[in-house]
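Colleague: Spelled out from the first residue to the last, the chains are:
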Amino acid sequence: MELLSTSLVDWSRGQFALTAMYHWLFVPLTLGLGVIQAIMETIYVKTGKEEWKKAAKFWMTIFGINFAIGVATGIILEFQFGTNWSNYSFFVGDIFGAPLAIEGILAFFMEATFISIMFFGWNKVSKGVHLAATWLTITGATLSALWILVANAWMQLPLGMEFNPTTVRNEMVDFWSIISSPVAINKFFHAVASGWVEASVIVLGISSWYLIKKRKEEFAKKSILVAASFGLFAVLFIIFTGHGSAQQVAAHQPMKLAVMEGLYEGREGAPLVAMGVINPKKETYNDDVDPVVMAIEFPKMLSWLSFSDVNAYVPGIRNIVEGGYTKPDGKIADSFETKKQMGQTAITALKEYKIAEAAKDTAAMAVHKTTLDANYKYFGYGYLDKPEDTIPNVPLVFYSFHIMVILGVLFLLNFALALFLGWKNKLSDYKWILWVFLWTIPLGYLAGQLGWIVAEVGRQPWTIQDILPVQAAVSSLQTSSVLITFVLFAVLFTVLLIAEISIMLKQIRKGPESN
Amino acid sequence: MITYSFLQHYWWFLISLLGGLLSFLLFVQGGQTLIKSLGKTEDERKLITNVIGKKWHYTFTTLVTFGGAFFASFPLFYSTSFGGAYWVWMLILFCFIIQAVSYEYQNKPGNFFGKNAYRGFLFANGLLGTFLLGAAIATFFTGSQFSVNKANIAEFSGQFAPVISQWQSPWKGLELLFSDLRVWFFGFTVFFLARTLAVLFLKNRIDNQAIEERLKKALLMNAVPFLVFFLTFLIWTLLAKGFAVDPATGVVSLEQFKYFNNLIQVPVLLILLLLGVVGVLYGIGFSVLKNTWRKGIWFAGIGTVLTVTTLLLVAGYNNTAYYPSTYDLQSSLTIFNSSSSYYTLKVMSIVSFLIPFVLAYIFYAWRALEKGHATIDEFKEGHSY
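Residue numbers (this note's numbering), protein chains in the order written: chain A, 1 to 515; chain B, 1 to 385.
For the record, the hints were derived by calculation from the structure and aren't laboratory data.
Check before you lean on any hint, since a few could be wrong.
[To be verified] Here are the computed lysine to any residue pairs in the SDA-like style, where the Cα-Cα straight-line distance is at most 25 Å:
| no. | chain 1 | residue 1 | chain 2 | residue 2 |
| --- | --- | --- | --- | --- |
| 1 | A | K386 | A | G323 |
| 2 | A | K331 | A | P182 |
| 3 | A | K222 | A | L419 |
| 4 | A | K354 | B | D328 |
| 5 | A | K127 | B | K55 |
| 6 | A | K222 | B | G382 |
| 7 | B | K150 | A | A364 |
| 8 | B | K46 | A | G511 |
| 9 | B | K380 | A | A364 |
| 10 | A | K431 | A | L232 |
| 11 | A | K506 | B | S157 |
| 12 | B | K55 | A | W135 |
| 13 | A | K354 | B | D377 |
| 14 | A | K510 | B | N50 |
| 15 | A | K377 | B | N152 |
| 16 | A | K369 | B | S157 |
| 17 | A | K57 | B | D377 |
| 18 | A | K386 | B | K346 |
| 19 | A | K360 | B | Q330 |
| 20 | B | K46 | A | K360 |
| 21 | B | K371 | A | G128 |
| 22 | A | K127 | B | S157 |
| 23 | B | K115 | A | L488 |
| 24 | B | K55 | A | P182 |
| 25 | A | K354 | B | Q159 |
| 26 | A | K49 | B | N152 |
| 27 | A | K510 | B | E42 |
| 28 | B | K346 | A | I179 |
Sequences are here, hints too, so could you generate the full structure?
Modeller: In structure tokens:
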């Protein structure tokens with residue numbers, strides 16, 4: 001056996017994070033633009049007005065530029081589960097592979113097939129068929145998001161499976177519970193709506209630029225009307241699904257919730273931190289130093305948002321490590337030491353089960369299986385060393401979460417304002433507001449990135465919650481190999497991003513007519 | 001009652017079929033290596049780029065689905081091969097990343113690298129992408145150096161990596177290039193096949209006398225090396241030792257003429273392989289003999305699907321280890337020891353009933369965009385690459 005290398009684990013995590021973050025620069029824009037262009041083409045087909053067709057075609061050009069690079073980064077994500085997380089692929093592949101395969105068969109082909117009609121079919125198929133193709137393209141894209149988010153949600157809340165010691169893997173026993181998981185449903189709507197918001201922010205910003213420059217004003221006003229209405233709907237929806245997501249986190253990933261809020265000491269009627277500063281003097285989880293300073297708080301809000309009860313108890317990081325508090329289901333929480341002990345017992349039982357199996361000793365097999373089953377829920381803790389291993393990076397998750405929420409409020413105000421001014425036909429009178437809309441564009445990208453940092457950094461060290469930590473999931477590779485591919489990906493994605501932005505800027509400068 | 005074994009065979013068939021379809025659709029990659037030699041003016045090159053470029057999504061999606069379906073149905077292959085032959089798969093991925101952006105970006109102003117760089121990316125994808133995919137598939141017959149030990153995961157000291165599948169060569173996949181000459185033969189087979197199919201596809205689609213003249217020569221230039229490499233690989237493999245599995249004990253051993261025996265013992269495979277090879281030969285041969293005949297791509301295309309599908313079936317059916325380990329024969333992967341559970345295969349099989357529906361709309365969309373023959377003027381207005 002090869003030695004376990006922590007730098008290998010870190011570079012492998014880094015490579016996955018890098019790919020995922022680049023992927024999520026392009027994909028949300030296509031998810032939202034896909035709907036916006038389809039709405040515009042629908043209006044064109046209904047009214048027969050050419051300017052709507054022109055507007056739809058312009059945004060399709062932007063869509064195409066982003067789609068290509070979204071596809072390029074997406075294929076890497078899929079194959080990286082195998083290349084860099086070999087143990088993971090085997091240990092849970094029986095469950096995790098299925099949504100990926102279904103994504104390919106049912107969603108990607110729909111997208112790939114109808115995108116060619118959307119781009120090349122204007123003069124080859126009827127108006128109605130073309131419109132259907134445009135809607136089917138975005139339906140395919142959204143379905144692919146559904147399946148990959150079902151897979152991601154399962155990593156956060158593993159259900160519908162059983163561990164089989166003979167095959168040494170987790171096996172699916174209930175497909176329906178996996179696809180109807182409350183985490184999956186919330187995650188899907190939250191992530192897709194974040195794409196709608198991001199695209200609306202970008203369409204609003206670009207259209208504002210046209211108004212500032214006094215170019216293509218009719219086109220810009222039409223685009224603002226669609227983007228602001230769609231964006232407003234999406235941002236309200238995202239608040240709703242965000243609340244749902246937080247409740248799922250509170251129920252299934254208490255550590256993530258505590259880290260999001262910088263909550264070390266649990267309490268009843270816990271307040272929600274609107275904003276604050278992580279105290280750099282806080283060194284350990286149990287040193288009694290105040291974790292958040294200069295905090296602006298809403299009393300009892302965290303308890304209410306998490307458990308719909310203003311007096312509910314929310315455990316802090318220290319409580320989750322030390323255990324002993326009463327969980328919402330009435331059971332007493334286990335401490336890290338207990339979980340680690342049970343994890344090691346489970347792993348040892350598996351080892352002995354395999355020895356008994358080789359010796360065809362069925363009685364011993366049954367004994368070890370019973371021990372394994374009784375302790376399996378904390379299997380992954382057996383690979384961990386100390387309590388700190390279970391605590392994600394607090395400042396990163398805390399700030400990401402709070403900035404994301406603040407940005408959501410900003411977007412809400414922007415869309416409402418754009419809709420109001422657009423309705424009064426006064427957009428061009430307030431140039432500074434148009435500048436604000438324009439400069440909100442990078443924030444639209446930022447919000448999406450922050451959301452995924454909360455979701456993924458906030459659940460470290462787990463690839464599968466409580467079952468498989470990163471160090472037991474990684475492939476057996478030289479660190480140098482992963483380091484080289486990391487650098488290659490970083491360079492390649494960065495230059496492609498530069499090309500992508502540069503192409504988009506040129507297309508925007510050219511404007512809709514030139515398509 | 002549907003048995004576990006039936007589902008394992010069914011999913012190996014679907015994986016093989018996806019492999020066959022992917023091989024056919026690699027004509028896009030083949031075409032990418034011909035843009036410069038077949039098109040002498042920019043207009044001609046643009047025509048060729050657009051005619052094949054309209055199909056790039058299909059090849060890409062088939063590759064992604066091939067990966068996803070393999071993951072879902074044979075996860076131990078996914079973890080062993082991808083996590084082990086790291087560099088081969090990474091190189092293949094790099095070839096496809098650069099392809100995905102190149103069609104859309106090559107003619108757009110402000111594209112940073114300039115048109116020629118993107119055409120260079122397309123060429124690299126067409127050359128390395130096809131060769132490496134062929135080389136990787138060849139190891140299904142020649143073997144790789146890995147070991148599988150599921151008990152490894154029960155190691156939790158924090159000192160050793162508890163990894164189940166361990167690749168034993170420090171070259172992490174690149175050693176396949178020095179392992180067996182057949183790897184090179186099959187790599188070149190796929191490369192020249194992709195180019196041959198591209199020529200036949202362009203012959204079918206394009207209405208342009210100058211390009212058609214060049215296609216005639218290009219067909220022979222690519223079909224001949226393709227046939228030489230393919231027949232050498234095929235005959236060599238049929239005569240070579242194969243990796244047989246004892247159905248009672250699961251023990252893997254080397255058997256002389258194993259793949260040939262598979263064809264004899266399962267005659268339907270022999271018939272499919274012959275039909276496939278005849279289809280390819282007919283598609284190529286008749287196109288050479290009769291210049292006005294444009295339908296060669298369909299015979300050669302269907303022939304390719306049949307041939308490659310059957311080759312993969314030969315690698316996995318009839319008690320054969322489809323992903324053999326030359327380091328430890330007993331670590332070799334078979335469709336029985338590497339598949340998903342009965343339940344998962346059953347769920348996935350139900351989903352697979354939708355495949356004909358998917359094929360139907362692909363067929364519709366493909367035809368809708370291919371009315372008449374493509375000319376230079378067609379891509380002067382509207383969306384084009």
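Colleague: For the pair supplied as a hint, K510(A) and N50(B), is the alpha-carbon distance within the 25 Å limit?
Modeller: Holds - the C-alpha atoms of N50(B) and K510(A) are around 23 Å apart, at most 25 Å.
Colleague: Against the 25 Å threshold, does the CA-CA distance of K369(A) and S157(B) hold or violate the hint?
Modeller: Status holds; Cα separation ~21 Å.
Colleague: For the pair supplied as a hint, K222(A) and G382(B), confirm whether the alpha-carbon distance does not exceed 25 Å.
Modeller: 23 Å, holds
Colleague: CA of K49(A) to CA of N152(B), is that 25 Å or under?
Modeller: 66 Å, violated
Colleague: Does K346(B) sit within 25 Å of K386(A), going by the straight-line distance between their CA atoms?
Modeller: With Cα atoms ~41 Å apart, K386(A) and K346(B) exceed 25 Å; violated.
Colleague: Going straight from one Cα to the other, do K331(A) and P182(A) come out at no more than 25 Å?
Modeller: Holds, at about 22 Å.
Colleague: Does the alpha-carbon distance linking K115(B) and L488(A) stay inside the 25 Å limit?
Modeller: The given pair, whose Cα atoms are some 22 Å apart, holds under the 25 Å limit.
Colleague: K127(A) and S157(B) were given as a pair; does the straight-line alpha-carbon distance stay at or below 25 Å?
Modeller: 65 Å, violated
Colleague: With a cut-off of 25 Å on the C-alpha distance, tell me whether K55(B) and W135(A) pass.
Modeller: Answer holds: K55(B) to W135(A) is near 20 Å, not above 25 Å.
Colleague: Do the alpha carbons of K371(B) and G128(A) lie within 25 Å of each other, as the hint requires?
Modeller: Since the Cα atoms of K371(B) and G128(A) sit roughly 18 Å apart, the hinted pair holds (cutoff 25 Å).
Colleague: Given the hinted pair K386(A) and G323(A), is their alpha-carbon gap at most 25 Å?
Modeller: Given that 25 Å is the threshold and the Cα spacing comes to 15 Å, the pair holds.
Colleague: Could you grab the alpha-carbon distance between K346(B) and I179(A) and see if it respects the 25 Å cut-off?
Modeller: 16 Å, holds
Checked against the numbered hints given earlier, the structure breaks hints 9, 11, 13, 18, 20, 22, 24, 26 and satisfies all the rest.
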